[in-house]
Amino acid sequence: MSERVLVKGNEALAEAAIRAGCRHFFGYPITPQTEVAAYMARKMPKIGGTYLQAESEVAAINMVYGAAAAGVRVMTSSSSPGISLKSEGISYLAGSDLPCLIINVQRGGPGLGGIQPSQADYWQATRAPGHGDLHVLVYAPNNVQEMVNLVFQAYDKAEEYRVPAMILADGLLGQMMEPVSFPEEGEIKQHDKSWAVTGHKNQRKHNIVNSLYLKADELEQTVIERFQRYAKIEAEETMVEEYLMEDAEYAIVAFGATSRIAKAAIQQLREQGLKVGLIRPITLWPFPKQAIIDACDKVKGFLTVEMSMGQMVDDVRLAVNGRKPVEFFGHTGGIVPTPAEIVEAVKEMGGAK
Amino acid sequence: MAIVYQKPKALSDDVLHYCPGCTHGVIHKLVAEVIDELGIEGKTVGIAPVGCSVFAYNYFNCDMVEAAHGRAPAVATGLKRSMPDNVIFTYQGDGDLAAIGTAETVHSATRGENITIIFVNNAIYGMTGGQMAPTTLPNQVTQTTPYGRDVATAGYPVHVCEMLSTLDGVAYAERVSVDSVPNIRKAKAAIKKAFQNQIDKKGFSIVEILSSCPTNWGLSPVDALQWLRDNMMPYYPLGVYKDKEAEK
Amino acid sequence: MAKMTVNEGICKGCGLCVSVCPKKIIVLAKGRLNAKGYSPAEVTDQSACIGCAMCGIMCPDSAITVEK
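Protein chains in written order, with the numbering used here: chain Z, 21 to 373; chain P, 26 to 273; chain G, 94 to 161.
These are calculated hints, taken from the structure and not from any lab test.
Take these hints with a grain of salt, some might be off.
[Stated by the list, open to error] Straight-line alpha carbon distances no greater than 27 Å define the calculated BS3-like cross-link-like pairs of lysine-lysine that follow: (1) Z:Lys221 - Z:Lys283; (2) P:Lys34 - G:Lys161; (3) P:Lys32 - G:Lys161; (4) P:Lys217 - Z:Lys66; (5) Z:Lys221 - P:Lys273; (6) P:Lys217 - G:Lys117; (7) G:Lys96 - Z:Lys235; (8) P:Lys32 - G:Lys96; (9) P:Lys269 - Z:Lys221; (10) Z:Lys235 - Z:Lys225; (11) G:Lys129 - P:Lys32; (12) P:Lys226 - Z:Lys221; (13) Z:Lys225 - P:Lys32; (14) Z:Lys235 - Z:Lys66.
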């Protein structure tokens, strides 16, 4: 690890990707992720890498598809409306078993929405990042150091399982400055890339990168095999942080920037004698449902806090399966919930007020 | 006796799925012959489109990638930027290249991406059963222009080579035809030049190839080639539209 | 002395080779079909073949080999 330096979240994502071996960045400008692209534009030419500003997000993600097919570490970053455009390519990446890293620094929607921080792409990231039966690995950091660490993690797991990975950040984290230390490049794990289309050099049969299977049974079998990989990811790669859950009577469930605010609210609640803890999913897909199931045995209820109209709350309710009350509190459109609002929302649960 | 003509090595033994007399097969063969003659099969990566030639990835023996509809030039960009010493070509039809993929085509061209594009223009959407293409001729009857393409409502055909030749990033753009043996020979020379340009790092090269679609034109294979000569060649004149080398 | 051979199994009987043969010695077989149900191209007079390969060049299915 390098010495600690003060870095803005968006730039930390970019620098971490470079240190993780990414030499190819394809993007299209959109607020609030422009620092990622600008950083790449400054750095890539100096280290023999590619920064390419595409004609659209659609083109950018298909450039990612091409570079991923070549077996290199590649990245694109965008924000919500841009991710919608990339969803076509994300589906093809997933259907062709290609690893890559996609950053979504979320803003409010739908449509053009706004440019303030948001978590309203939870459904998109975890339910339908593209058409068809597919998942992408989704990581949700809540501080700048974790943004750095999860870039390395995302590349490593994307390559290990041959799936696209996404870091779901938001404008708040993207603009946040915190001290971080970067892992060194030597710490990168190498994965098998014998599937890559690098030219067969007259030494092997040709490789084909493809997602087309016109025979129904072949397509079903391919998808079933992919879902067996997904099952392994769910079993082995789920990440979650539990904070003050040992004695908690209520659990707040929050991810990303909102989880930081939730922690501040929990401090205030505990000072007032209410035992509240936090379950923070770090992977959104796979969702850490076991942590929720385990908590059902000890808490009286769950409060999900999100910067949306309530999306992750669906996954919490699925895990709780009716055994305990699950409430939602949030703001959308770019309004950030305050600790005081969260304190009030917890107190309202189960007549605790 | 020595063999003077046979199937090129860069073509696989898979039986082509194309309709009888479809000249996609001729164009596949020309590309494969060029790959053989340049000795580049081991470092070539081809990109198949969406359309009739979607299964091109099974037919070429080099490494292959299947792209989303229209995105082949973007995929080619990603591949080429990752592996500048490999040879990257796209094989695209008119709907793929000149309708849904227009942006990818124009911008890979204007960036001067050092790639080779094989563009098959048969003035119709073949795979989906004969709908209007961006290159469908005025008054041409298709499934979706049952009264003939009315330019007042359906607009005019896109002249791809003419359009791309206005861009500084394009090194080479030529329109050829595979309607006859002499024209097939010229088409092969153009394809070879488009690959050689890439090897010589000269930049974006496109060969537009007028091709037939007997099934959806409703003609016999021989009559389809006559229709191509009588109708397409006057509207889409053959020739070199841009050659940076020759301009010097 | 030249020879043109059709790989009948992959011939689709499109007739393009027939249309370009300068010696008019290629026909589509009458009264028989290949496994795919097409009437394959066949040579009527092999001794008249000049090995120009125009049939092969025109064949979309790479079904023709020409020797000379």
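Hint check:
| no. | hint | verdict |
| --- | --- | --- |
| 1 | Z:Lys221 - Z:Lys283 | violated, 56 Å |
| 2 | P:Lys34 - G:Lys161 | holds, 20 Å |
| 3 | P:Lys32 - G:Lys161 | holds, 16 Å |
| 4 | P:Lys217 - Z:Lys66 | violated, 35 Å |
| 5 | Z:Lys221 - P:Lys273 | violated, 35 Å |
| 6 | P:Lys217 - G:Lys117 | violated, 31 Å |
| 7 | G:Lys96 - Z:Lys235 | violated, 41 Å |
| 8 | P:Lys32 - G:Lys96 | holds, 15 Å |
| 9 | P:Lys269 - Z:Lys221 | violated, 31 Å |
| 10 | Z:Lys235 - Z:Lys225 | holds, 23 Å |
| 11 | G:Lys129 - P:Lys32 | holds, 20 Å |
| 12 | P:Lys226 - Z:Lys221 | holds, 20 Å |
| 13 | Z:Lys225 - P:Lys32 | holds, 18 Å |
| 14 | Z:Lys235 - Z:Lys66 | violated, 47 Å |
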